[in-house]
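Fit chain B to the given chain A structure using the hints.
Keeping their order, the protein sequence lines are chains A and B. Our numbering applies: residue 4 is where the first sequence begins, and numbers increase by one. Our numbering applies: residue 4 is where the second sequence begins, and numbers increase by one.
Simulated from the structure, these hints should not be mistaken for laboratory data. Watch out, some of these pointers could steer you wrong.
Note: identical chains are not told apart, hence a pair may lie in one copy or across any two.
Said to hold, decoys possible - Straight-line alpha carbon distances no greater than 20 Å define the calculated SDA-like cross-link-like pairs of lysine to any residue that follow:
hint, residue 1, residue 2
1, Lys151, His196
2, Lys15, Ile189
3, Lys170, Arg93
4, Lys170, Met22
5, Lys40, Leu23
6, Lys82, Asp49
7, Lys83, Ser43
8, Lys82, Gly194
9, Lys57, Glu176
10, Lys115, Lys151
11, Lys15, Phe198
12, Lys40, Glu201
13, Lys170, Leu187
14, Lys15, Leu187
There are 2 protein chains.
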Amino acid sequence: MLVLSSPSGAGKTTISRAMLERDSNLTMSVSATTRPKRSSEVDGKDYIFVDEEKFKSMIDGGELLEHANVFGNFYGTPKKPVEEALMAGRDILFDIDWQGTQIIAGDEIAGKNLVSIFILPPNTAELENRLRTRAQDTEEVVQQRMSKAADEMSRYDGYDYVIINDKIELSVEQVQTILAAERLRIGRQIGLHDFVQELMGRE
Amino acid sequence: MLVLSSPSGAGKTTISRAMLERDSNLTMSVSATTRPKRSSEVDGKDYIFVDEEKFKSMIDGGELLEHANVFGNFYGTPKKPVEEALMAGRDILFDIDWQGTQIIAGDEIAGKNLVSIFILPPNTAELENRLRTRAQDTEEVVQQRMSKAADEMSRYDGYDYVIINDKIELSVEQVQTILAAERLRIGRQIGLHDFVQELMGRE
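With the rest of the complex left out, here is chain A:
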């Protein structure tokens, strides 16, 4: 389970898309949300768009791994696709904020399988520039996002890794490097115990 978090505008979405294209063992976790769909978004692909009543029934039914309220809208991670991916030995990519990351990290099973990466913009000007070029956002939303970005950035030290996203290509390679290294961790190599027993002549 790979978590990518960042203040909006740091390039996380672009990096996520590139990772999904390059790594066939990686599936994206699609969040559920009550916020209105943007014209460019596809229901079930970018988000699962639901109304507040449905969202609350998902919370009550224990169907969400984590959920949070951001600017009055609910966001949450459906539990079932995550469990299915882990059972199938597939890695799953989460595009969630620091609150969601903390909740998943605290989960007994999910926490052990979690690798978290925080993406930072190379500088403040670049961050503001990226936030302003989202044509659909009003000035008020841009200012809200800048303020939220500062808050979000202050949480970087709860993550395992940090990547400063100056060149997208390099950042994608760094995420791939982290994922490749994490797959070599003792606890992540399936069948390792049996393999060592066999090496020791204790088949």
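Just chain B now, with coordinates in the frame of chain A:
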């Protein structure tokens, strides 16, 4: 600080040499030992060869980070070169066994900076084959080494990562991948805190 451990014959020395050639930021930690020098070995490069009296004075003087007795010979890691490398921001490579790794991992300062990798042979036949082709060893030493190898392998789960050394080239790449990923860890990026403060506009 990067530790490579393995049962002898798993290819650790070959991997270490390749890493040193490719990564100019990496220095090898040269162990001190009381065992006799082999004809192919260079004093100060392969080991620092000392007599037992000198070794004991190094222990008493607190000059060793860790030391152990293997088959009646002493082996130890001099502390000073490690401290110098860390101060200079250089990475240091250790070719030590599980006991040495445990001792360093338990050290307050060294432990936090440690990344440990365990190298396994691809199968038992290959391990025995590699141990037998060391021309200078007697049959008794080969058997001792096989038995020590089994004991050493049973300690794999105290390490951070494991690499099954089937193709040397791939194994070297995997060590490089681990090192590159570990350099992206939050705690290892020097100046990160100041960088984030600046991003947040709190210069």
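Quiz item: What hints, given by number in increasing order, does this structure fail?
Solution: 3, 5, 7, 8, 9, 10 and 12
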